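Undergrad: Chain by chain, the residues run as shown.
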Amino acid sequence: MDITALNEKIKNESAFIDLLMNEISKVIVGQKSMLERLVIGLLGNGHILLEGVPGLAKTLAIKTLAASMKAKFQRIQFTPDLLPADLIGTQIYNQKEGNFFIRKGPLFANFILADEINRAPAKVQSALLEAMQERQVTIGEQTFKLDDPFLVLATQNPIEQEGTYPLPEAQVDRFMLKVKITYPGRDEELNIMRNNLSGSYSLIQQVITPDDIKKGRNLVQEIYLDEKIERYILDIVFATRFPKDFKLERLVDLISYGASPRATINLNLAARSMAFIKRRGYVIPEDVRAVAFDVLRHRIAVTYEAEAEEITPEKIIQEILNAVEVP
Amino acid sequence: MVKILSILLLILFATITNYAQVINVKVSTDSSRYEVGDYINLTYTITHDKDISIYFPSIKDSIKKLELIESLPIQLKDDGAKKESIFKFILAGFDSGSVTIPAITIQYKSNKDTVLQGIKTDSLTLLIQTLPVDAGADIMDIKAPLTIGIDWLFVLLITAIVIVITVIGYMIYKKYFANRVNQIEIKEEIIKLPHEEALELLKDLEEKKLWQSGKIKEYHSEITAIVRRYFERRFTILALEMPTSEILSKLNKINDARTIVDLTENFLQNADMVKFAKFMPLNDVNFEMMNQAYTIVENTKEEFSNETASEENTNV
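Read top to bottom, the protein sequences are chains A and C.
Every position in the first sequence, counted from 1, becomes a number in the numbering used here once 3 is added.
Every position in the second sequence, counted from 1, becomes a number in the numbering used here once 68 is added.
Read the hints as simulated data drawn from the structure, not as lab findings.
Since we're looking at a predicted model, the values are computed, not measured.
Heads up, a few of these hints could be off.
Result set (BS3-like, lysine-lysine): computed pairs, CA atoms no more than 27 Å apart in a straight line [unchecked claim]:
1. A/K281 / A/K29
2. C/K285 / A/K231
3. A/K231 / C/K283
4. A/K218 / A/K14
5. C/K285 / A/K12
6. C/K318 / A/K183
Quick list of simulated restraints, FRET-style, between CB atoms [as the list claims (entries may be wrong)]:
7. A/R234 / C/T234: 47 to 55 Å
8. A/D5 / C/N359: 26 to 34 Å
9. A/N325 / C/N359: 30 to 38 Å
10. C/K276 / A/A18: 41 to 49 Å
11. C/K276 / A/D5: 24 to 32 Å
12. A/E225 / C/M358: 30 to 38 Å
13. C/M358 / A/P264: 34 to 42 Å
14. C/E274 / A/T62: 58 to 66 Å
15. A/P264 / C/K276: 36 to 44 Å
16. A/D5 / C/N367: 33 to 41 Å
17. C/N359 / A/D21: 32 to 40 Å
Partner residues are not named here, just some residues of chain A that face chain C (Cβ under 10 Å, in silico) [stated by the list, open to error]:
18. I6
19. T7
20. L9
21. N10
22. D229
23. Y285
24. P288
25. V291
26. R292
27. L324
28. A326
29. V329
30. P330
Glycine included, C-beta positions come from ideal geometry on N, C-alpha and C.
Input sequences plus hints: build the corresponding full structure.
TA: Put into C-alpha cells, the structure is as follows:
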C-alpha cells in the first residue's frame, strides 16, 4: 500500500485512541504515559507489569479503561495462601445432581489487575503466567479460551521484600512492558485533591468496543517499519548483550545478561503501537526510544557490582540509547 | 694295571680341562689415602676365557661407608685368547677413618656349562683423612671467591649481539614508528572546524548526485548524517544518537542555534519521511534539502580566530 494512503488510513482508524484517552482522562488526572502503555499493551496483545508505590491510580486506571469499552474487569489480590484454582476456577461437586460442574475463576475477564503478584507462591504465579501466554485455561478435562481482549496488569510491591516471592526472570520476560509509575506533578495532585474531595468525577461512558481494539491490532501490523528502524531495534537489543561491540566497555561488568529475542519482538510491536497512538502510518526512531525503557527494563539483569554502584537497568538503557546511532 | 693307568689319565685330563677355564679378578683403587670428599676410582679387572659370561653384582650395598658417585661404562678388552672386563666406579667418602671395601663375589658361567660359579675378590682398605691442620701456623683470612678472568671472546659475542639488536630495532622504528609519527602529524593538519568539515562533505555529496541517480533514501540519510555530525561537533550534543525531536529540543536550548530550529525541523522531518516512510519527495524538495543544509551550517558556523583554531587543533 502507498505510504500516504496508509498514513491516511491509520490517521482515520486510530481516532478511537483519542476518544479513549479523553474518556479516561475524565477520571485519571495525569499518568498519560501509563495510559499510553496500557493502550500499547492492548494493541500489542501483551501484558503489563506495573511498578509503583500504592495510591497512584493503578486500579482506577484499568477499571476506567474497562468501563470505557464496556469490558469485564477483575481485580485479584495475590496472597501467600492463594491457590491456582482461586484464579482459573475449579470443578465443584453437585450433590443434588450427583455430578461435577465447573465454576470459572476471576481470570475469565477482559482486564485483570493482579495486585501484588509477588505475594503469591510460584505455583499461582505460574498458573497466571501460563494463562497469559496460552490465553486459555484448562479446568479438569475441559479447556476454555479466555476472553479477547485479555490484558493482565500485574503490580509488584517494590517496597517490601519479606514474605514475597519475586517473579523468576523467565516469567518476567513474558510481560510485554514493565511500566514504572511515578508520583503526579504538583498541579496534577492539586486537581486530584479537589476532584476527590468534591466527588466531581465524571461517569465513564463506553466510547469504544473490544472490536475496535481487535481492529486496531490488525492495523498495527500494517504500520510500516523501515529496515533502518529494524536495524536500530536490533542494535539496541544487541547492545544489552554485547556492550563491547558498541563501545560500551563500561557496561560489560554491569550486565549479567541482556535482553531476550522476546525483547526484539516486543520492541518492534510496541514501537508500531506507539506510532498508531501517535496516529502515524510509519515508525520513527522516537517511537522506539519512547518504549525502549518499558520493554527492556525487566529484561536486563544487572550484576552485583552494578547493584553495589546503584546502577539500575534504566541507567544502562539510557547509556545504550546514548551510544547507539539513530538511523 | 692298564685300567688303573687309564683312570689316572682320565683324572689328569679332567683336571687339565678344568684348569683351562681361568678367571682372575683384580680389585684396585688409584690410591690408598684420600681426603674427605675426594673421588675414589675403584676398578675391578676381570680376566677370563672368551667363553665365560660375567655377572657383576651391585656394589652399592657393599660399600656402606662410602658413597657411589657414578658407575662408569664397562670396558671390554679382547687379546685373542683372553678377555678382560673392567668395571670402574667412582666413590667418595665423607667420614674420616679407615674404610674397607669388602670382598664381593662375582658370578660367572661357562658357555659349555649351565652351573653358575663364583669368584671372590679381595677386600681393600683405604684411609680417609681430614685436611691436615697446621696448628702452629698463623690464622689467615677466609679465601676470597675465585674470580674468572675476562673471556674476550664472550665479550665480543655479546657486543656483536647488542649491535645487531640495535640495528634491527632502529630499522623497525624507522619503518613503522617513524611513519606513524608522520601520520599523526598529517592527521593534526587535516583537523577541520565543524563547519569546514560539514561544508566540504556537503559539497562531496552534491557531486555524488545521489538523488539524481535514484538513490533518494541514501541521499537523505547522508545529508542528515552530515548535518547531525555538524551539530554534534558544533554544539557538543549527541546528535548522531538522537532522534529528530530530541535534537530540536536540544537546539532550542542553545542560543546560537535558535535561529535555525524551524529550518532544521523542516529539514529533518522531511528526511525522516523519506528515510522511514518510503516517502518519495519531489526533485525540488531534494534540491532544497541541500540548500537547507548549507543554510543551517552557514548560519551557525562559529567565528574562529587563528588563535582559537590553533588552540583547538592542539587540544585535539
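Undergrad: Each hint: holds or not?
TA: Structure-based check of each hint:
1. A/K281 / A/K29: 20 Å, holds
2. C/K285 / A/K231: With Cα atoms ~11 Å apart, C/K285 and A/K231 stay inside 27 Å; holds.
3. A/K231 / C/K283: 15 Å, holds
4. A/K218 / A/K14: 14 Å, holds
5. C/K285 / A/K12: 24 Å, holds
6. C/K318 / A/K183: 25 Å, holds
7. A/R234 / C/T234: 47 to 55 Å: 53 Å, holds
8. A/D5 / C/N359: 26 to 34 Å: Given about 28 Å between the Cβ atoms, the range holds.
9. A/N325 / C/N359: 30 to 38 Å: Since A/N325 and C/N359 have Cβ atoms about 31 Å apart, the given range 30 to 38 Å holds.
10. C/K276 / A/A18: 41 to 49 Å: 43 Å, holds
11. C/K276 / A/D5: 24 to 32 Å: 28 Å, holds
12. A/E225 / C/M358: 30 to 38 Å: About 34 Å separates the Cβ atoms of A/E225 and C/M358, which means 30 to 38 Å holds.
13. C/M358 / A/P264: 34 to 42 Å: 41 Å, holds
14. C/E274 / A/T62: 58 to 66 Å: 60 Å, holds
15. A/P264 / C/K276: 36 to 44 Å: 38 Å, holds
16. A/D5 / C/N367: 33 to 41 Å: About 36 Å separates the Cβ atoms of A/D5 and C/N367, which means 33 to 41 Å holds.
17. C/N359 / A/D21: 32 to 40 Å: The hint (32 to 40 Å, Cβ to Cβ) holds, given that C/N359 and A/D21 are roughly 37 Å apart.
18. I6: 5 Å, holds
19. T7: 8 Å, holds
20. L9: Since the shortest Cβ distance to chain C is 9 Å, the answer is holds.
21. N10: 7 Å, holds
22. D229: Constraint on A/D229 satisfied, holds at 5 Å.
23. Y285: 4 Å, holds
24. P288: 4 Å, holds
25. V291: 8 Å, holds
26. R292: With Cβ-Cβ at 6 Å, under 10 Å, it holds.
27. L324: 7 Å, holds
28. A326: Since chain C brings a Cβ to about 6 Å from A/A326, closer than 10 Å, the hint holds.
29. V329: 5 Å, holds
30. P330: 7 Å, holds
Violated hints: none; the structure is consistent with every hint.
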